[in-house]
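Participant: Sequence:
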Amino acid sequence: QGSFKEDAPPPQPIKKRKSGAELQPHVEYLMQGWLDKHSKKGWQKRYFTLPDHPSLLYFRGEAMERVEAEIDLKLVSLVKSEGRIVTLKLMLNKRGDMKQQPYKLRAKDKEEAQQWCKAIRDLQMHSERNLRVAEEPTPAAPTADAPVAPSIKTKERPAVPPPPPMEAERTSTIEDESGCGDWTVITHWC
Numbered sequence: 001q002g003s004f005k006e007d008a009p010p011p012q013p014i015k016k017r018k019s020g021a022e023l024q025p026h027v028e029y030l031m032q033g034w035l036d037k038h039s040k041k042g043w044q045k046r047y048f049t050l051p052d053h054p055s056l057l058y059f060r061g062e063a064m065e066r067v068e069a070e071i072d073l074k075l076v077s078l079v080k081s082e083g084r085i086v087t088l089k090l091m092l093n094k095r096g097d098m099k100q101q102p103y104k105l106r107a108k109d110k111e112e113a114q115q116w117c118k119a120i121r122d123l124q125m126h127s128e129r130n131l132r133v134a135e136e137p138t139p140a141a142p143t144a145d146a147p148v149a150p151s152i153k154t155k156e157r158p159a160v161p162p163p164p165p166m167e168a169e170r171t172s173t174i175e176d177e178s179g180c181g182d183w184t185v186i187t188h189w190c
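Residue numbering for the sequence shown follows this note's numbering, starting at 1 and increasing by one per position.
You may find that some hints are simply not true.
Below, simulated DSS-like cross-link-like pairs (lysine-lysine); rule was C-alpha separation at most 25 Å, straight line [as the list claims (entries may be wrong)]:
(1) 110 x 45
(2) 80 x 108
(3) 41 x 99
(4) 108 x 37
(5) 108 x 45
(6) 80 x 45
(7) 40 x 104
(8) 40 x 89
(9) 41 x 110
(10) 89 x 118
(11) 40 x 99
(12) 99 x 74
(13) 80 x 99
(14) 89 x 99
(15) 41 x 104
(16) 80 x 37
(17) 80 x 118
(18) 99 x 110
(19) 89 x 37
(20) 41 x 80
(21) 89 x 74
(22) 108 x 89
(23) 110 x 80
(24) 80 x 40
Pairwise CB distance ranges (calculated) [stated by the list, open to error]:
(25) 104 x 127: 16 to 26 Å
(26) 129 x 39: 29 to 39 Å
(27) 109 x 62: 11 to 21 Å
(28) 41 x 128: 17 to 27 Å
Derived from the structure by calculation, the hints contain no laboratory data. C-beta atoms are modelled at their ideal positions from N, C-alpha and C, and glycine is treated no differently.
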């Protein structure tokens with residue numbers, strides 16, 4: 001995890017940009033296309049791009065001359081699709097209060113919504129995995145004057161089956177209608 005200065009503002013999930021010049025021409029897009037975004041004014045057609053880093057960008061036109069906004073996918077806690085609608089739950093900081101706000105996008109059909117949903121989730125998972133690997137400390141290499149520990153050999157043990165669920169625990173799998181995968185729910189009773 002990164003550290004923030006105490007007086008630094010927290011990261012914002014949606015950043016407004018003034019110029020498309022900040023985009024680099026060598027960026028590879030995992031997905032791009034027209035989606036409708038929901039706002040106070042209703043549904044607005046925008047051109048969305050999903051670059052190979054955890055951001056979702058949108059523009060007014062396919063020429064991508066001016067970025068209207070960038071959504072930081074690291075601050076999105078949920079991505080789901082229902083029919084043609086893709087919902088992103090954003091963590092917003094409003095006056096020091098972290099709140100979730102749904103951000104709705106509409107695709108031309110259910111299949112396209114599922115493709116966007118899957119691509120965003122895959123990018124989030126890939127980014128989280130890369131972040132964890134980058135944060136893991138690398139072991140120090142042995143020096144010439146430090147002895148190297150001999151390798152430890154252990155006896156192979158027979159495979160032990162996992163214990164049955166506790167009486168107060170039930171596991172169920174719920175099929176996700178979005179096509180983005182199934183959810184496993186573990187319920188605990190006290």
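Participant: Residue 89 and residue 99: Cα distance at most 25 Å?
Facilitator: holds (10 Å)
Participant: Taking 25 Å as the top limit, are the C-alpha atoms of residue 41 and residue 110 close enough?
Facilitator: Holds. Residue 41 to residue 110 sits at ~23 Å (cutoff 25 Å).
Participant: For residue 80 and residue 45, compute the direct alpha-carbon distance and say whether it is at most 25 Å.
Facilitator: Satisfied, since the Cα-Cα distance of roughly 20 Å is no more than 25 Å.
Participant: Note whether the CB distance of residue 129 and residue 39 lies within 29 to 39 Å or breaks it.
Facilitator: holds (33 Å)
Participant: Straight-line Cα separation of residue 99 and residue 110 no greater than 25 Å?
Facilitator: violated (28 Å)
Participant: Go ahead and decide if the range 11 to 21 Å is satisfied by the Cβ distance of residue 109 to residue 62.
Facilitator: Once the Cβ atoms are compared, 19 Å apart, the range 11 to 21 Å for residue 62 and residue 109 holds.
Participant: Run the distance test for residue 89 versus residue 118: straight-line Cα separation, threshold 25 Å.
Facilitator: holds (15 Å)
Participant: For the pair supplied as a hint, residue 89 and residue 74, confirm whether the alpha-carbon distance does not exceed 25 Å.
Facilitator: This hinted pair holds, its Cα atoms lying about 11 Å apart.
Participant: For a C-alpha distance cap of 25 Å, please report whether residue 80 and residue 37 respect it.
Facilitator: Holds: residue 80 and residue 37 sit about 15 Å apart, inside 25 Å.
Participant: Are residue 108 and residue 45 close enough, with their CA atoms no more than 25 Å apart?
Facilitator: Holds. Residue 108 to residue 45 sits at ~11 Å (cutoff 25 Å).
Participant: Residue 80 and residue 99: Cα distance at most 25 Å?
Facilitator: holds (18 Å)
Participant: Verify the proposed pairing of residue 99 with residue 74, using a straight-line Cα cut of 25 Å.
Facilitator: holds (15 Å)
Going through the hint list in order, the structure does not satisfy hints 18, 28.
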